[in-house]
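S.K.: Sequence:
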Amino acid sequence: MSKVQVYCAVSMDGFIAGPDDDLSWLGEPDAEQTGDPGTVGFPEFVEQTGAMLMGRRTFDVVMGFGGDWPYGTVPVLVATTRPLPDAPATVSTCGGDIQELCEQAKRVAVDQNVYLDGGSVISQALDSGCVDELILTVVPVLLGQGVPLYQGKRLQRFNATYLGRLGTMVQMKLTVGG
1 MSKVQVYCAV
11 SMDGFIAGPD
21 DDLSWLGEPD
31 AEQTGDPGTV
41 GFPEFVEQTG
51 AMLMGRRTFD
61 VVMGFGGDWP
71 YGTVPVLVAT
81 TRPLPDAPAT
91 VSTCGGDIQE
101 LCEQAKRVAV
111 DQNVYLDGGS
121 VISQALDSGC
131 VDELILTVVP
141 VLLGQGVPLY
151 QGKRLQRFNA
161 TYLGRLGTMV
171 QMKLTVGG
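Start counting the sequence shown at 1; every next residue gets the next number (our numbering).
Bear in mind the hints are in silico, worked out from the structure with no lab data behind them. This structure is a prediction, so every number in the text was calculated from the model and none was measured. All the given hints hold, so there is nothing to weed out.
Below, simulated DMTMM-like cross-link-like pairs (lysine to aspartate or glutamate); rule was C-alpha separation at most 20 angstroms, straight line:
{"id": "1", "residue 1": "K3", "residue 2": "E47"}
{"id": "2", "residue 1": "K153", "residue 2": "D117"}
{"id": "3", "residue 1": "K173", "residue 2": "D117"}
Using C-beta positions, here's what the derived DEER-type ranges look like:
{"id": "4", "residue 1": "L142", "residue 2": "G96", "range": "32 to 40 angstroms"}
{"id": "5", "residue 1": "P140", "residue 2": "P70", "range": "18 to 26 angstroms"}
{"id": "6", "residue 1": "G41", "residue 2": "G66", "range": "17 to 25 angstroms"}
Idealized CB from N, CA, C, for every residue including glycine.
Let the hints inform the model, and build the full structure from the sequences given.
M.R.: Here is the structure:
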């Protein structure tokens, strides 16, 4: 059975991007970064992903990176009513409330997992109970401002199912509840 997952890096003060969507605080990806057994690197995570759901703002930020599309052949659904000029062939638009969007992504993912990305999409999915698991990699930096991981409307509790070191960062796997 597929899971709806959040996989992202987060600053120690809870931001997934700095002001103006700045991601420079993440540093350059290190292909040789080692982690404790059980940590999940991005390539490994994407291999288990059958579809991705992101918001329009996140799509625009990723498109601004230039270079190769970072999600390969994974189908990506973008929650927007506006056209997506120059979008890769694997990208399509979708609409509806967050529960409908997650269900659409599950249908596309078939038996694989759904990857949620973007602060607004993540917050809405958490508030509606659509998220099964969060894999957060905490980067040892304080940003003070930016795009928060969660701007939801209710208290959220989680069960920590894993905690390990990934290079100089800490990765934790969390399930909803607790």
